[in-house]
Every structure is written in structure tokens, then in C-alpha cells.
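Asker: Residue numbering for the sequence shown is 1 to 161, as defined by our numbering.
Please note: incorrect hints may appear among the correct ones.
Quick list of in silico lysine to aspartate or glutamate cross-link-like pairs, EDC-like style, CA-CA up to 16 Å [claimed, not checked]:
#, residue 1, residue 2
1, K77, E155
2, K150, E125
3, K61, E46
4, K31, D44
5, K95, D107
6, K31, E60
7, K61, E125
8, K75, E60
9, K72, D20
10, K95, E60
11, K31, D89
12, K31, D45
13, K72, D89
14, K31, E46
15, K72, E155
16, K55, E92
17, K55, D20
18, K77, E60
19, K61, D44
20, K61, E41
21, K23, E46
22, K61, D45
23, K61, D89
24, K61, D48
25, K49, E60
26, K150, E124
27, K72, E18
Label pairs and their in silico Cβ distance ranges [as the list claims (entries may be wrong)]:
#, residue 1, residue 2, range
28, R160, D28, 23 to 31 Å
29, D45, E145, 19 to 27 Å
30, D28, R84, 13 to 21 Å
31, A128, K55, 35 to 43 Å
32, E41, D107, 29 to 37 Å
33, R149, D48, 14 to 22 Å
Since the hints were derived computationally from the structure, they do not count as laboratory data.
C-beta atoms are modelled at their ideal positions from N, C-alpha and C, and glycine is treated no differently.
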Amino acid sequence: MKSFKELIAIQYPSQLVEYDQRKPLHRDALKRLVFDFLDIETGDDESDKYLNNAKAYLLEKQGSYVAFLIYKSLKQKPQVAYIRLFGVDSTERRKGYGFTLLLGFIDACRRSGVYRYVQLAVAEENTAAIALYEQVGFNVTKRGEDEGRKFLCMELSLARK
């Protein structure tokens, strides 16, 4: 019997691509996806903070990019890959691409040998994202509030079980 991950790969053939800011196609795709995710038409301070010197992965499906994940290494905790922004093209949501990209990113972090944990923060009301993160093994480590918005800090250990 095939695993859920294998079934997703068959139904949604896609390829994880490490972002290369020297490639115009990558820059344009990441910019388009971030703008779509943030629901903005042109760049602003918020989008610039994600796009400038981004470390990211893109998910390619049949020649176009449908999802992105921007991360950083934490200076105070170099063994942590921190997901800064993660999204799927608004026309491609709820099709398994976020799940595929997240699993691919986790696998890349494991294979790198650099990271021991993946961390992120998510708005408490974003129940779909929280369910996705829990499905792949993230656990809530802290609850917080910033400018009236409640959020959860979540973490995934990369240790093999």
C-alpha cells in the first residue's frame, strides 16, 4: 500500500527547487507568489523584507511555480531553520502543494545536516495552516500576542524517530 506522501506525488507531480536569486525566472516567480500571498499589487516594505536576500524553495508544477517557502537560519540558534513566509498560489490552494513543499523542505533540512529543528509562527485563527503543520509533526511550543493578534510558535524536531 502506498503512503499518503507517495499518493500525493503521483496525483500532483511537482518538483522542489532551491531558489536562486541570480535567476530572473526564480526572482519573478517568488515575487509573484509573495505578492499573491500578501494580496498586494506592488512591492512595499513588508514584501521587501521577505524578498531581499531570500533563502527559499519553490514548488514547480508543469513548468510554473505554484508555491514558495522563505526561511532563515537563526543567528542565536544556527541549528534552527525558521520559516518566515510560506504560501501557495491562490488559484492552486487546497490541492496538496503546500503539504508537498513543506515535506520537501523538511527533507532538505534533514539532509543538510545543519538543522536540528524547523520553527515557525502562525496566526492562531489560521486553522488550515495549523492543521497542515500538525499533520507533518509540528507541535505548539508557545502562544503569544503581538499588536492584538494571537499567534502560535510551532516546532518540528528533525531527529529521526
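Asker: With reference to the structure, classify each hint as holding or not holding.
Answerer: For each hint, the structure was consulted:
With a CA separation close to 13 Å, the supplied pair K77 and E155 stays within the 16 Å bound. Of the pairs offered as hints, the one joining K150 and E125 holds, with about 8 Å between alpha carbons and a cut-off of 16 Å not exceeded. Pair hint K61 plus E46 does not hold up; C-alpha atoms about 27 Å apart against a cutoff of 16 Å. Under the criterion of a C-alpha separation no larger than 16 Å, the hint pairing K31 with D44 is consistent with the structure, at around 11 Å.
Taking the CA atoms of K95 and D107, the gap is near 20 Å; set against the 16 Å cutoff, the hint is violated. Between K31 and E60 the alpha-carbon distance is near 15 Å, which keeps this suggested pair within the 16 Å criterion. Among the hinted pairs, K61 with E125 is inconsistent with the structure: their alpha-carbon atoms are about 29 Å apart, more than 16 Å. Note on K75 and E60: the hinted pairing is violated, with a Cα-Cα distance of about 30 Å set against a maximum of 16 Å.
Restraint check for K72 and D20: the C-alpha separation of about 15 Å stays at or below 16 Å, so the hint holds. Using a Cα cut-off of 16 Å, the hinted pair K95 and E60 holds, with the two alpha carbons roughly 14 Å apart. Under the criterion of a C-alpha separation no larger than 16 Å, the hint pairing K31 with D89 is consistent with the structure, at around 11 Å. For the hint linking K31 to D45, the alpha-carbon distance of about 13 Å falls within 16 Å, and the restraint holds.
About 21 Å separates the Cα atoms of K72 and D89, which puts this hinted pair outside 16 Å; it is violated. Using a Cα cut-off of 16 Å, the hinted pair K31 and E46 holds, with the two alpha carbons roughly 12 Å apart. Only pairs whose Cα atoms come within 16 Å are accepted, and K72 paired with E155 is accepted, the gap being roughly 14 Å. At roughly 23 Å between alpha-carbon atoms, K55 and E92 are farther apart than 16 Å, so this suggested pair is violated.
For the proposed pair K55 and D20, the alpha carbon gap of about 8 Å is at most 16 Å, so the pair holds. Under the criterion of a C-alpha separation no larger than 16 Å, the hint pairing K77 with E60 is inconsistent with the structure, at around 30 Å. Using a Cα cut-off of 16 Å, the hinted pair K61 and D44 is violated, with the two alpha carbons roughly 28 Å apart. For the hint pairing K61 with E41, the CA-to-CA distance comes to about 24 Å; that exceeds 16 Å, so the pair is violated.
Taken as a hint, the K23 and E46 pair is broken in the structure, with Cα atoms around 22 Å apart against an allowance of 16 Å. Between K61 and D45, the direct Cα distance comes to roughly 29 Å. Violation of the 16 Å bound is thereby established for this hinted pair. Between K61 and D89 the CA atoms are separated by roughly 11 Å; this keeps the pair inside 16 Å, and the hint holds. Using a Cα cut-off of 16 Å, the hinted pair K61 and D48 is violated, with the two alpha carbons roughly 26 Å apart.
With a CA separation close to 23 Å, the supplied pair K49 and E60 exceeds the 16 Å bound. Pair hint K150 plus E124 holds up; C-alpha atoms about 6 Å apart against a cutoff of 16 Å. At roughly 13 Å between alpha-carbon atoms, K72 and E18 fall within 16 Å of each other, so this suggested pair holds. A C-beta distance of roughly 37 Å is found between R160 and D28, which places it outside the suggested range of 23 to 31 Å.
Between D45 and E145 the beta carbon distance is about 22 Å. The supplied range of 19 to 27 Å therefore holds. In this structure, D28 and R84 meet the distance hint of 13 to 21 Å, their C-beta atoms being roughly 20 Å apart. Range check, A128 to K55: Cβ separation about 25 Å, and the 35 to 43 Å hint is violated. Hint check: E41 to D107, Cβ distance near 35 Å, so the stated range 29 to 37 Å holds.
A hinted range of 14 to 22 Å holds for the C-beta pair R149 and D48, which are about 21 Å apart.
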